[in-house]
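There are 2 protein chains.
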Amino acid sequence: MSEQGSTTLARPIEAEEIRARRERLLAHPDAAGVDVMVWWANHRVMYLSGFAFVPTERPIGLAIAAGGETVLFVPRLELEHAETYAHVDRVVAYPEYPGRRHPMELLADELRALGLRARLGGDGEGYPKVMGYRGPKLTDLTGATFAPLDDALETMMQVKSPAEVALVRESARWAGLAHRYLQDLTRVGRSETEVEDEAASRANQKLLAAYGGAYRPMSWGRSGPHAGYRGQIGAHGALPHSLTTNAVFQAGDTLVTGASCPMFGYWSELERTMVLGEPSDEQRRWFAHMLALQDLAIDACRPGRTCASVDEAVQAYVDAHGLRDAWRHHVGHDIGLRYHEGPFLDVGDDTVMQPGMLFTVEPGLYVPGLGGFRHSDTILVTDGEPEFLTDYPRDLERLTLPVG
Amino acid sequence: MSEQGSTTLARPIEAEEIRARRERLLAHPDAAGVDVMVWWANHRVMYLSGFAFVPTERPIGLAIAAGGETVLFVPRLELEHAETYAHVDRVVAYPEYPGRRHPMELLADELRALGLRARLGGDGEGYPKVMGYRGPKLTDLTGATFAPLDDALETMMQVKSPAEVALVRESARWAGLAHRYLQDLTRVGRSETEVEDEAASRANQKLLAAYGGAYRPMSWGRSGPHAGYRGQIGAHGALPHSLTTNAVFQAGDTLVTGASCPMFGYWSELERTMVLGEPSDEQRRWFAHMLALQDLAIDACRPGRTCASVDEAVQAYVDAHGLRDAWRHHVGHDIGLRYHEGPFLDVGDDTVMQPGMLFTVEPGLYVPGLGGFRHSDTILVTDGEPEFLTDYPRDLERLTLPVG
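Protein chains in written order, with my numbering: chain A, 677 to 1080; chain B, 677 to 1080.
Derived by calculation from the structure, the hints in this document are not laboratory data. Just so you know, not all the hints are guaranteed correct.
Below, in silico cross-link-like pairs of lysine-lysine (BS3-like), each with a Cα-Cα straight-line distance of 30 Å or less [claimed, not checked]:
no. : chain 1 : residue 1 : chain 2 : residue 2
1   : A       : 882       : B       : 882
2   : A       : 805       : B       : 813
3   : B       : 805       : A       : 805
4   : A       : 813       : B       : 813
5   : B       : 805       : A       : 813
Just need the whole structure built from these sequences, with the hints factored in.
This is the structure:
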């Protein structure tokens, strides 16, 4: 990270790009005949307005009229926050949920004022049941029919713009720094949690030194770079989605890591397999298979090929080498405003890859009693070679940790 | 925390209590005629099976047959994890999502084997669109009709058992420790993020020393105690749900904190208003009003009264003292497996309070240019006096931080 001071700092997505997203969505065939759209899911509201928020029982919705007029509907306590950050024509606040009059009734009035007559679109007829929320459907309140547009929007979100790719790349840069600290701090006898805390804290200090108050995670639950193990330590690493176990590191452990950093709403994914002490022959063998799988999967991320073909190539290798018992999951997923999103590098996903799609490429092998073997890199599909957005050593030599 | 070594350590909810929850749910009038239930939302699956997991695009569902038989349906990569922790009769794994055959088709087969004929119940006809998931409805695949049971279950979850209350109390104990560190570490010139990281790390070390490997957060995104400001520092604190801003502390700042700790899935909430340096007359005045509001709200948490009555009492005080411009939100919310859940201490919520209900009591006042004023305590409704599960000083004197 020595070049850190000389790098241009990342910035949130510009208002102009957000307006262009809305224009494209309004022009989508599925939106034909829709008077007004309403969007609820927080990553969709962020995509279409630039406003990041913590979803609670208090409904927040983004209304977009067919003519382009936009209203962000928020509880009173989010009013100033929304007015500061949302790229919309107006912010309208209701007093509180459930309140003396239900927020959906107030929103129904707003939608009528925006031109709702017959057809409502978006990602739900009412606010979802977040944190105990209950309420009526907008279709029942207004008599409008409903056109689900979530699949249209999700498909649009799959291809990233240059500005989005830049944010994921910047996320990966800070994830790499946190991972470097994690690797350097991991020692026999230390605990998972203390090493993770220290790695995150050090990386956070560096990020704040670079960005100062200009950094905004625009995510909920996390701020700044972090790296950790999620319990994938030694034999427990054979459970790929473990939760933290507070393990204490022991010589001989196979370790699987994970690192990221929310960057103005965008995520990257970096994972590495490391070995604590001189690797055994068994560890070397599984590591080599895992690396071969990742190599062939990354090379398969080419425009015009299907997502399924990447997984098929991996599974063919798995079967050819008799590794089926160690197989647990598909190759990877798209990533962006969410840590996982579609399409998936999976035998069942026929999506054709296009330049601008991002994938985590992370074929894994899991060996009971020994542990997990998985690298994950965030890869950009381009017109030519697949491009790494993550930048961290992948070879066993540089992922072997000293003991004692 | 000097008594920490002598305290009995908390444990996850026992299998027997989880079975009893399922029995009560099966006996609910809304479940009459339902052949099999399926539950998707992760806090509901945890409540009914003890299994905590990270929700992704790979569906996880808990099936409960009318006769009581239980099947947890998971992707292959969660199989061992689920078999280790879930209190169910069987775990059934599908290879992967989307996979060669869609998981919902495999689940439909399982449900038929469990006795699904005409009526499916639960919290959704299919897996929700998490992280880009797409798939068919189980009702379309099986021809069964659907009975939504989520309101029945949510209502059941509102009254906590003694074991649940004990976990929330233990969560509050560790939240208090993290908050103590936060208060002690906050100094003029330090940044929000570095102080939060250090407070969480120190409290985490203490928790691990006490619990060792027996601690399981059973939550996603967080492990261990934490305390912070979420950007509610100085004038920015007038935005009650701010996200982190990486502010640097300055003399005169009004500060609003938040602290919690996931404890085998359960949460508490502790928030305090603090002042950095000798409080001004203006800060004293707003702090005194805030404390008076919290006092009267806590005292109103009595069985037989409505949730609305607590908010009405607060709003009457607000209007009587001309504070309406500083009002932003209702008094509080239930808390348990989620950080917010219903019922709500709100003029629009007519739920009658019962012993065993938990509420955050957190009336707030927000003053542009000066900041936010809000304490939050987690309060148990009992047969007698409301009981504090949080235990931290509430007076201005002990919440005034030294300068220099």
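Quick rundown of the hints versus the structure:
1. A distance of roughly 26 Å separates the Cα atoms of residue 882 of chain A and residue 882 of chain B; the hinted pair therefore holds under the 30 Å criterion.
2. The suggested pairing of residue 805 of chain A with residue 813 of chain B holds, with an alpha-carbon distance near 18 Å, which does not exceed 30 Å.
3. In summary, the hint linking residue 805 of chain B to residue 805 of chain A is supported, as the alpha carbons are separated by about 13 Å, within the 30 Å threshold.
4. For the given pair, residue 813 of chain A sits about 20 Å from residue 813 of chain B by alpha-carbon distance, which is consistent with the 30 Å threshold.
5. Simply put, residue 805 of chain B and residue 813 of chain A have alpha-carbon atoms about 18 Å apart, close enough for the 30 Å limit, and the pair holds.
The structure is consistent with each of the numbered hints, conforming to all of them.
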